[in-house]
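Chemist: Start from the sequences and build out the full structure, keeping to the hints where you can.
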Amino acid sequence: MATKLPATDVVVIGLGWAGSIIANELTDEGLDVVALERGPWRDTAADFNLASAPDELRYVQRQELMLRTAQNTITARNNPSQTALPMRSWGSFHPGNGTGGAGNHWAGITFRFQPSEFRLRSHLTERYGAAAIPQELVLQDWGTDWTEMEPFYDAFDKITGLSGKAGNLKGEIQQGGNPFEGPRSNEYPTRPLRQPYGPTLFAETARNMGYKPFPVPSALVSEPYTNSLGVTMGPCTFCGFCTNYGCANYSKASAITTILPVLVRKSNFTARTNSEVLRITRDASGKRATGVVFVDTSGQEWEQPAELVVVTAFTFENVRLMLLSGIGTPYDPRTNTGTTGRNYAYQTANGVQLFFDDKNFNPFIGGGAVGMGIDEFNNDNFDHSGLGFFGGGSIRVTPIGAAPINNRPVPPGTPSWGSEWKRQTVKNYLSNMSIGCEASSYTTRNNYLSLDPTYNDHLGRPLLRLTFDFPENDLKMAQYCTDKVGEIAKAMGPRQIVKSPSKGHWNTVPYQSSHVVGGFVMGADPKTSSVNKYLQSWDVPNVFVVGASAFPQNPGYNPTGTVGALSFKAANAIRTLYLKSPGALVQA
Amino acid sequence: MNKQEQPGTSRRQFLLSTTAVILLATAGKAGAVIIKGAAPWAPFDYSPPQTLEPGGWYFFTPQEAAAVEAIVERLIPADELSVSGKDAGCAEFIDRQLAGSFGTFERLYMQGPFQAGAPEQGDQSSLVPQQRYRVGLAGLESYCQDTFKQSFASLSADQRDKVLTGLQNGDIALKSIDAKLFFTTILTNTMEGFFADPIYGGNKDMVSWKMLGFPGARYDYRDYVEMHNQKIDLPPLSIAGRPEWKAKG
Chain P
1 MATKLPATDV VVIGLGWAGS IIANELTDEG LDVVALERGP WRDTAADFNL ASAPDELRYV
61 QRQELMLRTA QNTITARNNP SQTALPMRSW GSFHPGNGTG GAGNHWAGIT FRFQPSEFRL
121 RSHLTERYGA AAIPQELVLQ DWGTDWTEME PFYDAFDKIT GLSGKAGNLK GEIQQGGNPF
181 EGPRSNEYPT RPLRQPYGPT LFAETARNMG YKPFPVPSAL VSEPYTNSLG VTMGPCTFCG
241 FCTNYGCANY SKASAITTIL PVLVRKSNFT ARTNSEVLRI TRDASGKRAT GVVFVDTSGQ
301 EWEQPAELVV VTAFTFENVR LMLLSGIGTP YDPRTNTGTT GRNYAYQTAN GVQLFFDDKN
361 FNPFIGGGAV GMGIDEFNND NFDHSGLGFF GGGSIRVTPI GAAPINNRPV PPGTPSWGSE
421 WKRQTVKNYL SNMSIGCEAS SYTTRNNYLS LDPTYNDHLG RPLLRLTFDF PENDLKMAQY
481 CTDKVGEIAK AMGPRQIVKS PSKGHWNTVP YQSSHVVGGF VMGADPKTSS VNKYLQSWDV
541 PNVFVVGASA FPQNPGYNPT GTVGALSFKA ANAIRTLYLK SPGALVQA
Chain S
1 MNKQEQPGTS RRQFLLSTTA VILLATAGKA GAVIIKGAAP WAPFDYSPPQ TLEPGGWYFF
61 TPQEAAAVEA IVERLIPADE LSVSGKDAGC AEFIDRQLAG SFGTFERLYM QGPFQAGAPE
121 QGDQSSLVPQ QRYRVGLAGL ESYCQDTFKQ SFASLSADQR DKVLTGLQNG DIALKSIDAK
181 LFFTTILTNT MEGFFADPIY GGNKDMVSWK MLGFPGARYD YRDYVEMHNQ KIDLPPLSIA
241 GRPEWKAKG
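Protein chains in written order, with the UniProt record's numbering: chain P, 1 to 588; chain S, 1 to 249.
The hints are simulated quantities; they were obtained by calculation from the structure and are not laboratory data.
The hints are all genuine.
Below are the DSS-like pairs computed for lysine-lysine, each with C-alpha atoms no more than 27 angstroms apart in a straight line:
1) P:K287 - P:K4
2) P:K490 - P:K427
3) S:K231 - P:K359
4) S:K231 - S:K204
5) P:K266 - P:K4
6) S:K180 - P:K503
7) P:K427 - P:K499
8) P:K359 - P:K484
9) S:K162 - S:K149
10) P:K490 - S:K231
11) P:K476 - P:K499
12) S:K204 - P:K427
13) S:K210 - S:K231
14) P:K158 - S:K36
15) S:K210 - P:K359
16) S:K210 - P:K427
17) P:K427 - S:K231
18) P:K165 - P:K484
19) S:K162 - P:K427
20) S:K204 - S:K246
21) P:K266 - S:K36
22) S:K36 - P:K4
23) P:K170 - P:K212
24) P:K527 - P:K287
Some but not every residue of chain P turned toward chain S, in silico, with C-beta under 10 angstroms:
25) N49
26) P54
27) R58
28) L260
29) F269
30) A271
31) I365
32) T425
33) D469
The calculated label-pair distances, taken between Cβ atoms and stated as ranges, are:
34) P:G299 - S:D171: 48 to 54 angstroms
35) P:N406 - S:A157: 24 to 30 angstroms
36) S:S101 - P:P510: 22 to 28 angstroms
37) S:F44 - P:P305: 35 to 41 angstroms
38) S:S101 - P:L229: 32 to 38 angstroms
39) S:P48 - P:T147: 46 to 52 angstroms
40) P:P305 - S:G56: 53 to 59 angstroms
Glycine residues also receive a C-beta, built at the ideal position from the N, C-alpha and C atoms.
Modeler: This is the structure we're talking about:
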């Protein structure tokens, strides 16, 4: 039996980026906020101490900062005819755990989505005609637009201290920035990071080929920065222990470096860590949430009554919690009905490896979001007429740091052990580099999320089941874009290039990206979306569900900037609209 | 003790001394922690890596240890580039990993039913690393006795290489474990031991880092980031420092 706690105004589920932003905004509004976090409290000084942070075995191999699959995992299969099996260790993607969430071990690449992405189906229909959209794709508009999104991207920039160079300032194209950006109201808060050799060489070659290279927008601050809440960050030191690690320098923006230090000191805020939400409770009408039931790590169950429930966990847990709580109708691919679990999408990870004889890249110097990119082949930035696919990818060189358990590429055909393995490993370690292409993934009818019929978590609740394979559209696009990367690679003059476009079935084993999106998507039509443009549930208006779970498809950009913007957008809607008139903010 | 193993334990004394943070339920297992008014903080309450003292074997029997040393000596042979995997401490590394949380997969989802899936569905073996080694090494010993009338560790370098190649390709079958799974496990753990920070028992004297030119656990390259295409001769650094720092005499 759950022990009932005193009621609060707002309960927030998950204290990563989204939960921390929303909790901070709503406490500013004077509301009492209780935040529940499944994992432990994490703090830079204690958890990412310089004396222990640079440890590849612990943070990459043993996945110290990730959700432990013993706590919760997913089951996966490529298509509905297969039996889904549990991911027993994380491979393809890395859900986080503890305050800061996956935003502690992220790389920090922070793009804004382009204006056309928020109305993708309308945009493609206008430019190419409805008949040009491949039958297999379920593309849809977000129910919002650039004008509504931009101020919230700007707010996220100011929290994180993003480093970069504007490409489009109030409609004026800027030299040295990304000309494909939507119009920004402000320059990046901190100047671009200085660049190592690999990105510099790439940018020179790309520029000579007529492309417009720009510094990758980065949540690693380039200079001392005090953010919009008064929290101070130090400059990135290019240590290379970044992606998969926490930052000991307070350089990589995360909720724990930028928001929680302020939020935790507010008298109207309470965090409960080691607390896993079991379900959202509702009144007899089913149309109103009454709070949540959660369990702590001792097994004690608690009921937290609240006026407003804001769900801000990772994509997978947002969707699972809605399925377990019966909010929304589960999606059924056979009948194409229901919306919970619909429009799950991922990304293709493509790249080209370059092996040189005469260069030294010092590949251990870098960071998750240190580098240069071009956007000529991303999204709809190029003419897709006659190509037979839509979408594209962000092409960039971002040396993340070559700690050597995982980062010592050798040419194909090299043995995996023995004398020749060692000779090739040493020969190529300092003199190789790679160009990545993180590319879009579009939704299809058979790619979806549901509850698993067989496998349960440690509390006896069904795991989330992921059914996913790459659409033909995405594989064609991946080949096309990788060939374009190959042309740039060739022009850089290496001894050997090795192209690796995404091919074949989606594989759960190798890491690709944590950019899993959809399943509880936003839109203007409740038949094809779960939340409205304010991230408010169509079915239960005092529930807001915020995160990449709201993306109806995935462009060739990293999701976190947009998760941050949507969090500010939802918080703003609660502050300015919902509190004045609690109820549905958009009439279906 | 790593606080991740027993959430909250290392902070409990601090928690009781302040009103800012209240522990709800204790009794052996930490319950929810309420954090209000201040971030939980205690002096020197940082999260250290889990390591075991050098010397002796924690998990392997002497016979198993001899076999593992004979394997890692061939996976990473001694040559002009470096000492062997055996002399770099890869067997000690594996032994200590198996004795720790990795050995039992205690952090991983190990609920059944266990069934073989498509290759895309990843490792679905019900065997945890301790079992993979115990069963796999016994199978290897039995294969070598049947085939060569000798232990693996007594075989010549060429013979050992042939057996390892047979395991890797699946040409040799072992009792009670998939040979490829056994081989992949050892190869992965050997490479981890060779390239990880020496605090875990392998990569002795940072031998692999010196070999590659990797400077190790350094945390600031601001002075070097724009030194393009230049060799940067920084001697590597472990989390535990450098052996050369020991005072002489």
